[in-house]
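K.L.:
Please take these sequences and the hints and turn them into a complete structure.
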Amino acid sequence: MSHLLTLIVVLPLAGFALNGLLGNRLGKGFVNAVGCGLPILAFFATLKAWAELEGTGAPIVDIAYAWARIGDRSFEVAFYFDRLAAVMALIVTGVGSVIHIYSTGYMKDDASYARFFAYLNLFLFFMLSLVLGRSLLVLFVGWEGVGLASYLLIGFWFEDPVNARAGKKAFVTNRIGDAGFLLGMFLLWWAFGTLDMDRINLAYANGASPAVSASLVGILLFVGATGKSAQIPLHVWLPDAMAGPTPVSALIHAATMVTAGVYLVARMSGIYAHAPEASMVVAVIGAATAFFAATIAITQTDIKKVLAYSTVSQLGFMFLALGVGAYGVAIFHVMTHAFFKACLFLGAGSVIHALSGEQDIRKMGGLARRIPVTFVTFAVATAAIAGIPPLAGFWSKDEILWNAFASSRGGSPVLWAVAAATALMTAFYMSRLLWLTFFGKSRLDPEVEHHVHESPLSMTGVLVVLAALSAVGGFIAVPHFLEALLPLPATPEALHHYETPLVVTSVVIALLGVAAAAFFFAEGGARAGRVRESLAGVHRVLYNKYFIDELYERLLGRPLTWVSDRVFLRIGDRMLIDGALDGLARLAHRAAGGLSRIQTGHLNLYMFFVLLGIVGTLAWSFRHG
Amino acid sequence: MGEAFLLNFVLYLPLVGIVLLMAAPPGQEGFVRRITLWVMALQFALTVILYVQFDATVPGLQFETRLPWIPAWGVYYQIGLDGYNVLLVLLTAFLGPLVVAGAFTAITKDVKLFYAMVFLIQFAMMGTFVAQDLFLFYLFWETMLIPMFLLIGIWGGERRIYATIKFVLYTAFGSILMLAAVIYLVWSLQQTTGITSFAFADLYKAELPLNAQIVLLSAFGLSFAIKVPMVPLHTWLPDAHVEAPTAGSVILAGVLLKMGTYGFMKLGFPLFPDATHWFAPAIMVLAVISIVYGACLALVQNDIKKIIAYSSISHLGYVMLGLISLDLIGIQGAVIQMVSHGLTAAGLFLMVGMIYERCHTRELAAYGGLAKLLPVYSVFFMILTLASIGLPTTSGFTGEFLVLLGAFTASWQQYRQGAVLPLATAVIAVSGVVLGALYMLRFAQTFLFGVEKAPHQPLVDLDRREKAILIAIVAAVFLLGLFPDGPMKKTELAAKQYQQLVSTPRLPGSPR
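Residue numbers (my numbering), protein chains in the order written: chain B, 80 to 704; chain D, 123 to 634.
These are computed hints drawn from the structure, not numbers from a lab.
Being a predicted model, the structure only gives us computed values, none of them experimental.
Glycine included, C-beta positions come from ideal geometry on N, C-alpha and C.
Wrong hints could be hidden among the right ones.
So, partial list: chain D residues that the calculated Cβ filter (under 7 Å) puts toward chain B [stated by the list, open to error]: (1) 411; (2) 493; (3) 560; (4) 606.
P.N.:
Spelled out as C-alpha cells, the structure:
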C-alpha cells in the first residue's frame, strides 16, 4: 500500500520540526525554503492523490499504524481520500501555500520569524490530519491540534496581554465544543464499535442499527462544530482571535480551520441525513448566526473585526446549507469563501502594513490610488462576497439561498428571508468597509501618511492570485463534483418557477447593499453619522456585540471563580475538612496532655516512635492474629 | 532463578546504594551525587531489560520469587512482575535518576542523608509494587512513609512541620485501618476456606459475606483513597507538596499517589468485588467530585506548586473513574493515565524546582513573560502543560480519552438498563476537560506570556543537566501519546483479569 496520504500529512510536520529546531540558526533562506517549500510539496502530493482517485474512482485508504488495540477493538491512525477530502485538502494546501508565501513579506522584520513559520507548518499538519483522517479519532486529533496551533499563533506576540488572553479564550471556548464532540464520538463508538467515518455513514445508509439516535449524535457533534466554527453560542472567541498576525487570521480564522465544523457535518452527512431534528437545529443556528453576526459587522470600526464578524456570518451561511441537506453547496461556499476571505484578510494585512499598523477604518480613507494593487484586489473580493455576478461568491451564495428556500429537507421561506436579509447586510457592510478604507478623503494620521507604501511582490502577487480565484472560482462546480458523494436535496417541482425570480432578487439585494453603502458613506459619511445618532441605543448594543462577552463573564466566569474560591477553598477545604482535622488533633492533644512532652521537635525521635509503633503492632498482630 | 534474580537485584539495588553512600568519606558531595545517579541509572537500565523481557502473552507472575518466610502464618516472601505493576515499576525506575539529577543543585544540606532517603523510598516503592504477598506489601507500604516524612521534615520549606504532621496523621490513620483489615481478611480466609495465606492469589478466592466485604473495602479503601487522594481526604497533599523539596514533590506526584490507585486495582476492588459493586455509585460520584473540585481549586491558587497539586487530584479522579467503569478500554486508560500523570506532574514539579532555584518564589503573580526571559524553559513548560491538559499526541490524551470513552460507553449501557447516575458522572467527567484547559492555561498564560517579570533577574536559561532531564520526560510523554499500543499490550491481560475478578460475583447470588 502506498503511503501517499501519510506523506501529505507528514510534510508540514517535518517543516515544523526543521524550522522549530534549526530555523533560528540557519537563517531566513532556510526558513523560507522549508516553511513554504514543504506546504507546496504537500499541495502537489495532494494533486497526485487526486489524480489517483480519479483514475481508480475508489477512495484511497492509507493505514499508517495501529495506535491502540484493546481487546478485539482497534484504533488506527488511517487516512481516507475521496472527493470531499480532495476538495478540502486542495484548499488547505493551496490557500495555505500562498499564505505562507505572503507571510515571507508580511513577517519580514519580525524577530521570531522562524517560530512563526514553524507554527504555521504545525497548523497545516493538524489541519491535514483533520481533513484526511479516516476515523473521528484522527479527525479529533487534528481538531484539537489546529486549536493548539491557533492558540500559539493568536498569542504569537505574547508580550501583549490582550493576545495571550484572546488565545486562552479561543482555546477554552473550543474545549466546550469539544466536550460535546467527544460525547457524540463516544455514542457512535458504543453503537458501532468503530470510529471510521466511512463505516459509520455506511451503517446509517444501510439503515442498520439505529441503536443510537442520529439526532442525538448529530446535535452533539454539532456542539463541537459550533465551537470550532464560531457559531452561536460559542462564537465569542473568533473576533478576539484577530489579535494574531494577519496571515494567521486569513489562513486559520477565515479560510481553513474555522470551516472544520462545516467539514465535520458534511463528512458525517450519513448521520444528518437521518436526523431531521438535528438538521433543523443546524439550519436555524446557522441562519441566526449569519444574521446576528452581520448586524454586528455593520458597526465595527476595526478592519479585521469587520472581517471577523463577516466570517462568522458566512460560516452561518454554510451551516444553513448543511441544515437543509445541501452539503455539497456548503463545501462550495467553503471554497469560494476561502478564496475571497483570504484575499480580504491579506488585503487588510497589506493595508495595515502600508499604514504602519493602523487598523481603525475611521483613520483611513483615500487609499485607492496610494496602494492600487491592494485596492483592486480588495474591491474584487468585496464584490465577490457581496454576491455580484459572475464573481465566486454569487454562485455559492445563490445556491445556498435557493436551497434554504426550496430544499425538501427543511427549506422554508423564513430561512430564505433571513438569509436574504443577511446577504443585504453583507453587501452593505463590505461596501462600507471598502468605502471607508479606500475612498473619500484621507483621515490618516500625518505621521502615518508619509510612510504609506504598496506592499512587496510577495504580498501583492498573492493578492492577485486570490482575487483571480475570487472572480472565477464560482465556475468550479463543486456541488456537481461532489454529487455522487453528497447528493443535493430534492426541490419540489412546484417551487421551480421561483428559481429565476429568486436569482434576480439576490442580484438586486447585492446591488442595493452596495448602493446603500455608497449613499450613506459618500461625502464624509454625514448621512451615516446622522443615522448613528438617531439610533444611538441600537448602535451601542451592536457596537458592543450585544454585550454577550459581558454576559458570559457574569453568568459563567465570575460565578466559577467565586464558587471555587469562596465555597470550595474557604468553606470546603479550610473550614470543613481542615477544621475537622484540627479539631480532632486538638481533642487528641487534650486527651493526652501528658504525652505532649515527647513532642520535642526531634525528628529522629518521631521516626523512632513510628517504627516502634509499627513493630509493636506487628508483634501484637502475630500474637493475636 | 536467573530471571527472578534480576528482579530482586533491581529491587535491592537502592539498598546497595545506601551502603555505598555510607562508605563515602564525608565532604565528598560530588561523589555522593554521582554514585547515586549511577546506581539509579543502573536500576533503570535493568528495569528496561525486565520490561522488554516481560512476556505480554503470559498471564500471571513473571520473574517470580516465592520463599517461605513465616510458614506458620502462611507468609511468603513473594515478589513478581505482572501486567498490574509492570508499567508502574518502569515509571518508578525511570523517575529515579531524574529525581536525583534534579536535586543536584537544590540540596546542599545533609546531602548524604538526603540521597539515602531517596534510595530508601525508591526501594520501598518498588517493593510495594512488586510484592505479591499482603504481609510483604504492608511492610513496604509502611516503609514508604518514613523517608517521605523525613524528606519533607528535614529539607522542606518553612511550614514543614505542620505539613509533615498532617501527612503523617492522614497516612497513619489509613495505615492503621489497613492493618486491621489485613488481619481480619486473613483470619476470615482461614475461617471460610481453611487456608492460611497472605498471597494475593489466595486472597482473591476468599468468599466473604457482603457485610464483611463492605467493612473490609471501607478500611482498605480509606487507606488507598487517602493516598490517591480522593476528595474529601485530600487536604494533606497541597501542604505536603508546597513544603516538600522538589525531589519530594516529584516522588509524591510521580509515584506515591499511584500507590492509592494501584492499591484499588490490585487489592481493593478485586478482593471485594461484591462490596465494590455495592459501593460503585459512591466511588463514581467521588471520582467525579475529585475531578471537578480539584480543577476548581487549581483555578484559584496563587502558589504554583498548589496548582499542580490540585490538578493531581483532578487527574487521579480520571484514573478512579476508569477503574470503576469495569470497561476494558476504561481500565487500560486508567493505567495509562497513572503513568501519564506520573510523567507530567513529575516534569512540572521539576520545572517548578528549576524556576524556584532561580527566583526563590512560588508566587504565580511574581512571574510573567518567561517565554521571553527563558525561551527554552518555556518550550518545555508549554509541552508539559499541554500534556497535562490532555492534548492529542501526548500521553495525557491517551489516558484521558480512553478513560472517558470506557466510562461513557459503560455508563450508557447502564443508562439503557435504567441507571442514570453513572451516565451523569461520565458526562460531568467529559465536561471536566474544559476546566482542565481553564486552570492550566491560566497558569501558563500568567507564567509564560504577558509583560516580562521575575525576581532575581537576569535569569539563566536551562543548562545541559536540566535539559537532559526534561528531554527524557517529554520524550516519554510523546512516546506514550503516539505509540501507546506496546505498553498497553503488556498490561492487557492484567486489565482483563481485573475486569473479570471485579465483574464476577464472588458470592453466589450477589446482584450484578
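K.L.:
For each hint, tell me whether it holds in the structure or not.
P.N.:
Hint check results:
1. Proximity of residue 411 of chain D to chain B is violated relative to the hint, the smallest CB-CB distance being about 10 Å (cut-off 7 Å).
2. At about 6 Å, the closest approach between the beta carbon of residue 493 of chain D and any beta carbon in chain B falls short of 7 Å, and the interface hint on this residue holds.
3. Evaluation of the residue 560 of chain D hint against chain B yields a held restraint, the C-beta minimum of about 5 Å falling below 7 Å.
4. With a cut of 7 Å, the hint placing residue 606 of chain D at the interface with chain B holds, because the nearest CB-to-CB distance is about 5 Å.
Of the numbered hints given earlier, the model fails hint 1 alone.
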